[in-house]
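Please work from the sequences and hints to get the whole structure.
Offset between the sequence shown (1-based) and our numbering: plus 50.
I should point out that these hints are in silico values taken from the structure, not numbers from a laboratory.
Keep in mind the model is a prediction, meaning the values are calculated, not measured.
Quick reminder that beta carbons are idealized off the backbone N, C-alpha and C, glycines included.
Among the clues, some could well be false.
20 angstroms max Cα-Cα, derived SDA-like pairs, lysine to any residue [stated by the list, open to error]:
hint : residue 1 : residue 2
1    : Lys109    : Lys72
2    : Lys316    : Arg68
3    : Lys109    : Asn136
4    : Lys283    : Val133
5    : Lys148    : Asp312
6    : Lys87     : Phe257
7    : Lys225    : Lys254
8    : Lys178    : Glu210
9    : Lys316    : Asn76
10   : Lys188    : Phe238
11   : Lys193    : Lys148
12   : Lys72     : Arg61
13   : Lys225    : Asp195
14   : Lys250    : Ile235
15   : Lys188    : Ile235
16   : Lys188    : Tyr237
Estimated spans, in silico, between C-beta atoms of each pair [claimed, not checked]:
hint : residue 1 : residue 2 : range
17   : Glu145    : Gly323    : 14 to 22 angstroms
18   : Arg105    : Glu211    : 29 to 37 angstroms
19   : Arg61     : Pro98     : 44 to 52 angstroms
20   : Asp263    : Arg64     : 40 to 48 angstroms
21   : Pro207    : Lys254    : 21 to 29 angstroms
22   : Glu86     : Lys254    : 16 to 24 angstroms
23   : Asp255    : Lys72     : 36 to 44 angstroms
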Amino acid sequence: MEFIDVLKSPREWRGRRRMARKILQNSRWRNFFSPEKGVALFSANEIPGLEDASRIAQKIYAERDPENETGKSQRTEYSPFHVLLNNKDIKNYPELVKIATCDALTEILSGYFDSVPLLQNINVWLAKPDVSGMGSQKFHLDKPDVHFVSVFINVFPVSEENGPLTLLPADISTKVCNGTSYSDIYYFKDGRLEDDVVLKHCNKDDFIEMVGDVGSGAIVDTSTCLHFGSRCKSGERVTLVFRYAPAHKRKGAGRQLLPRPDHMSKPQEMLLGAAHAPKA
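Given below as structure tokens:
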């Protein structure tokens, strides 16, 4: 299937690989995020370019908290959290696009995919107290056939009580998926696993929780690492999310129409959808 996807646009695939290898030649981020684990935690201000991310997301939260009269949100049975930034609104925040395409993230993600990926969408999620155990509150993968990687940033401090993103690293997730015949569950059922089923194939010590201060977070291959979130018992959890995918995996990926900031580099243009690096 991967080979067939590449054949649909081989020239673009080759161009993105060449660009990835070029920008990674002297990159300090080459091994920051590895396929073996599929997750890389980071502290506040550890990744250059993310310094203003939480501040901007806090502004969005203040404007769009659904408890405010002017707040707007979307919530579904599969997403037990409020979506505070819709496709129309993103045009008002080009600075978020700059952050999502900063040099460090571009190098980290290009190294992981061995290709410059596409920035799929940007969002802000709000989780409020809810222990109903529905949808994404259960272990699951995000479209394994697309291969999503997401950057999750804590907009406010997050503790265990706030329902942090919780995941299993790639190697443990593969073990659990094999032991539960997860491909059948994903394609023929609801794609969710109960905790007790997961724990038959791993230990609770294997769980990684994204707790931490403002600006801390994680880069996660959510198509490979089993995960859940939004099991909020008290307070709130607000998360800024950047989602990426390989360019040749467009089918079913669902992209936002993102604003294009001025003075973008060639790799940044490719992240936003240029099939080939534009000529200087």
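Checked hints:
Taken as a hint, the Lys109 and Lys72 pair is broken in the structure, with Cα atoms around 36 angstroms apart against an allowance of 20 angstroms. The hinted pair formed by Lys316 and Arg68 meets the criterion: a straight-line CA distance of about 12 angstroms does not exceed 20 angstroms. The straight-line distance between the Cα atoms of Lys109 and Asn136 is roughly 15 angstroms, inside the 20 angstroms bound, and the hint therefore holds. Our distance criterion of 20 angstroms between C-alpha atoms is met by Lys283 and Val133, whose separation comes to about 19 angstroms.
Of the pairs offered as hints, the one joining Lys148 and Asp312 holds, with about 9 angstroms between alpha carbons and a cut-off of 20 angstroms not exceeded. Between Lys87 and Phe257 the CA atoms are separated by roughly 12 angstroms; this keeps the pair inside 20 angstroms, and the hint holds. A distance of roughly 14 angstroms separates the Cα atoms of Lys225 and Lys254; the hinted pair therefore holds under the 20 angstroms criterion. Under the criterion of a C-alpha separation no larger than 20 angstroms, the hint pairing Lys178 with Glu210 is consistent with the structure, at around 13 angstroms.
Straight-line distance between C-alpha atoms of Lys316 and Asn76 comes to about 17 angstroms, which keeps the hinted pair within the 20 angstroms bound. Between Lys188 and Phe238 the CA atoms are separated by roughly 17 angstroms; this keeps the pair inside 20 angstroms, and the hint holds. With a C-alpha separation of about 26 angstroms, the suggested pairing of Lys193 with Lys148 is violated against the 20 angstroms cut-off. For the proposed pair Lys72 and Arg61, the alpha carbon gap of about 17 angstroms is at most 20 angstroms, so the pair holds.
Taking the CA atoms of Lys225 and Asp195, the gap is about 18 angstroms. The hint holds against a cut of 20 angstroms. Taken as a hint, the Lys250 and Ile235 pair is honoured in the structure, with Cα atoms around 16 angstroms apart against an allowance of 20 angstroms. Taking the CA atoms of Lys188 and Ile235, the gap is about 13 angstroms. The hint holds against a cut of 20 angstroms. Straight-line distance between C-alpha atoms of Lys188 and Tyr237 comes to about 16 angstroms, which keeps the hinted pair within the 20 angstroms bound.
About 19 angstroms separates the C-beta atoms of Glu145 and Gly323, a value consistent with the hinted range of 14 to 22 angstroms. The supplied range of 29 to 37 angstroms is broken by Arg105 and Glu211, whose beta-carbon atoms lie about 24 angstroms from each other. The hint said 44 to 52 angstroms for the Cβ distance between Arg61 and Pro98, and at roughly 32 angstroms that hint is violated. The beta-carbon spacing between Asp263 and Arg64, approximately 41 angstroms, falls within the hinted interval of 40 to 48 angstroms.
Evaluation of the 21 to 29 angstroms hint for Pro207 and Lys254 yields a pass: the beta carbon distance comes to about 23 angstroms. Separation of Glu86 from Lys254 is about 21 angstroms and conforms to the stated range, judged on CB atoms against 16 to 24 angstroms. Taking the beta carbon of each, Asp255 and Lys72 are about 40 angstroms apart, inside 36 to 44 angstroms as hinted.
Checked against the numbered hints given earlier, the structure breaks hints 1, 11, 18, 19 and satisfies all the rest.
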